[in-house]
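**Q** Each chain, letter by letter, is given below.
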Amino acid sequence: MDRLTKVAELVLILALTCLVIPPSFAHLEGDVPPPHCKLTTLDGQNAQDWSALKGEVIYVDFWASWCPPCIQSFPFMTQLTQDFKEKGLHVIGVNLDENQQDAKNFLVQHPVNFSVLMDETKQCAQDFGVIAMPSTYIIDKNGLVRHIHRGFRAGETEELRQLIEQLLAENVTLGKIN
Amino acid sequence: MKLLTFILFLLISFLLAGCVNVAPWERGILAKPHMAVDPQPLQSGIRQHNYGSRESAASTNSAGGGGGCGCF
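Order-wise, the sequence lines are chains A and B. Throughout, the numbering used here is defined as the position within the first sequence, counted from one, plus 1. Throughout, the numbering used here is defined as the position within the second sequence, counted from one, plus 14.
Just to be clear, a hint being listed does not mean it is correct.
With the C-beta cut set under 7 Å, the calculated list includes, among others, these residues of chain A facing chain B [as the list claims (entries may be wrong)]:
{"no.": "1", "residue": "Gly45"}
{"no.": "2", "residue": "Phe75"}
{"no.": "3", "residue": "Leu97"}
{"no.": "4", "residue": "Glu99"}
{"no.": "5", "residue": "Val113"}
{"no.": "6", "residue": "Lys123"}
{"no.": "7", "residue": "Val131"}
{"no.": "8", "residue": "Ala133"}
Derived by calculation from the structure, the hints in this document are not laboratory data. The structure presented is a predicted model; accordingly, all values stated were derived computationally and were not measured. Just so you know, even glycine gets a beta-carbon here, dropped at the ideal spot from N, CA and C.
Starting from the given sequences, assemble the full structure and let the hints guide the process.
**A** Structural data, given as structure tokens:
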């Protein structure tokens, strides 16, 4: 019986260890290239990789149709596309809905003027280290993640706009593009 | 007694195994309004107000007045 108790104690310690140690995520911080992602378009076609958009500033936003702050950020992203598309900004909304039909229904009701891609396996979100919804990653013309923004509050839009304008004004440094 | 301890340990282990980190993109169902602790906050508020104003004296649950005046 003592052996049994020892086994039970061991199991308990293991369970506690699993509880205390959170799963490790590859975490993007600062000027690093974004991970390669296998994303699809709404009609199931494979989307191009970030490297295909070299020389452009890419605004990658991870969202889901059930997430109210994500939806609140849509008018801002629409405005960004209107104002900066000509200057080289590419806004991409990466959808993380578990049921893709939810996203499709949402987009029928609320059409957008920026690209929306699907992360079916959620591998892209894992590789980016998404820990909040929405999460925004701004990739500069050299293909480096220059800014990570989590959540969306109306007061923070001006700061983001300024950063995007600053990144759009920068020149491409050849050789840095991956 | 030892058997009881063993069963207790095992039970706690199984319960703890149920605690997992839910990824942000897996919270769609949890985000639904009916999954909230109080799924109908407006109804609860009105009920609490009725209770506070009609049934009880001034307390943290009442709208302030208390005393059963029935004021809305």
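**Q** Decide, hint by hint, whether the structure agrees.
**A** Evaluated hints:
1. Gly45: violated (19 Å)
2. Phe75: violated (17 Å)
3. Leu97: holds (4 Å)
4. Glu99: holds (5 Å)
5. Val113: violated (19 Å)
6. Lys123: holds (6 Å)
7. Val131: Since chain B brings a Cβ to about 6 Å from Val131 (chain A), closer than 7 Å, the hint holds.
8. Ala133: holds (6 Å)
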